[in-house]
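Asks: Next come the chains, spelled out residue by residue.
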Amino acid sequence: SQTIHQWPATLVQPVGSPLSLECTVEGTSNPNLYWYRQAAGRGLQLLFYSVGIGQISSEVPQNLSASRPQDRQFILSSKKLLLSDSGFYLCAWNPLAGDTGELFFGEGSRLTVL
Amino acid sequence: EDQVTQSPEALRLQEGESSSLNCSYTVSGLRGLFWYRQDPGKGPEFLFTLYSAGEEKEKERLKATLTKKESFLHITAPKPEDSATYLCAVFSGGYNKLIFGAGTRLAVHP
Chain A
6 SQTIHQWPAT LVQPVGSPLS LECTVEGTSN PNLYWYRQAA GRGLQLLFYS
56 VGIGQISSEV PQNLSASRPQ DRQFILSSKK LLLSDSGFYL CAWNPLAGDT
106 GELFFGEGSR LTVL
Chain B
205 EDQVTQSPEA LRLQEGESSS LNCSYTVSGL RGLFWYRQDP GKGPEFLFTL
255 YSAGEEKEKE RLKATLTKKE SFLHITAPKP EDSATYLCAV FSGGYNKLIF
305 GAGTRLAVHP
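Protein chains in written order, with the numbering used here: chain A, 6 to 119; chain B, 205 to 314.
Note that these hints are calculated values from the structure, not bench results. Hints may contain errors.
[As the list claims (entries may be wrong)] Covered stretches of chain B (in silico footprint by chain A; criterion: 3 or more residues with CB under 8 Å from a CB of chain A, positions within the stretch not fixed):
#1 241 to 247
#2 268 to 276
#3 304 to 310
[Stated by the list, open to error] Negatives, chain B to chain A, calculated, CB over 12 Å:
#4 V208
#5 Q210
#6 E213
#7 G220
#8 S222
#9 S223
#10 R265
#11 A281
Every residue gets a Cβ at the ideal spot worked out from N, C-alpha and C, and that includes glycine.
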């Protein structure tokens, strides 16, 4: 069966520090991968998606970046965090055909920037 | 601009008190409307897909319906374990862009 792992689960970082959140998927090949952010009381905002290794699409201009160094690994990064980067970050995947609207989400990474 | 709006923001029910959650959408060419359930501190979990007006899907105490402008999630005789945030979503501009509403926080009290 397929599983998705995110880490770290919780992170407290000072403003201006770097960030790296990791996501890996097991049990499937060639998944579409997604990073969403959920601010308190808000819906999920799509940040990045990837349909293959090295292929990244950015949905929202910001100081975050994403990379996909391996088929089932997706990394969210920042060189210098802002207060507004605080939130709940969710990684998700779906099969490459991807037209069912059924995303499989990880457990999330809660980031607090102080 | 494609948009998904959910109401109410929060709903408190007594156990057994049926109600409905609303999801209204504006999208160029609907290619599916999707309902998710999210427990506190967890990632969302997929519930239903609806593709065309008039379609209905059921799962235990939940029934989702779809019209040309909105979807309803009906909860019949809810139990405390139904307490969660319910999110709806639609494709926007492509099959890789799923946009979500802000959700309805449902609390069911015994």
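Asks: For the segment 241 to 247 of chain B, do three or more residues have a beta carbon lying closer than 8 Å to a beta carbon of chain A?
Replies: This one holds; 3 residues, not fewer than the three required, reach chain A with a Cβ under 8 Å.
Asks: Report holds if the minimum CB distance from S222 of chain B to chain A is greater than 12 Å, and violated otherwise.
Replies: holds (25 Å)
Asks: Against chain A, does G220 of chain B hold up as non-interface, every C-beta pair farther apart than 12 Å?
Replies: Since the minimum Cβ distance to chain A is about 28 Å, G220 of chain B lies beyond 12 Å and the statement holds.
Asks: Hey, does V208 of chain B actually stay past 12 Å from chain A on C-beta?
Replies: Non-interface label on V208 of chain B violated, nearest chain A Cβ at 7 Å vs cutoff 12 Å.
Asks: Since S223 of chain B was said not to touch the interface, does its Cβ keep a gap of more than 12 Å from each Cβ of chain A?
Replies: The claim holds: S223 of chain B sits with its nearest Cβ about 21 Å from chain A, beyond 12 Å.
Asks: Non-interface claim for R265 of chain B: all C-beta distances to chain A beyond 12 Å?
Replies: About 21 Å separates R265 of chain B from the closest Cβ of chain A, which puts it past 12 Å; holds.
Asks: Against chain A, does E213 of chain B hold up as non-interface, every C-beta pair farther apart than 12 Å?
Replies: Non-interface label on E213 of chain B violated, nearest chain A Cβ at 8 Å vs cutoff 12 Å.
Asks: Can you take a look at whether the segment 304 to 310 of chain B is actually covered by chain A? Rule is 3+ residues, C-beta closer than 8 Å.
Replies: holds (count 4)
Asks: Would you check chain A against the segment 268 to 276 of chain B, counting CB to CB pairs closer than 8 Å, and say if three or more residues qualify?
Replies: violated (count 0)
Asks: Would the non-interface assignment of A281 of chain B survive a Cβ cutoff of 12 Å against chain A?
Replies: holds (27 Å)
Asks: Determine whether the non-interface label on Q210 of chain B survives the test: each CB of chain A must be over 12 Å from its CB.
Replies: violated (8 Å)
Taken one by one, the earlier hints fail for this structure at numbers 2, 4, 5, 6, listed in ascending order.
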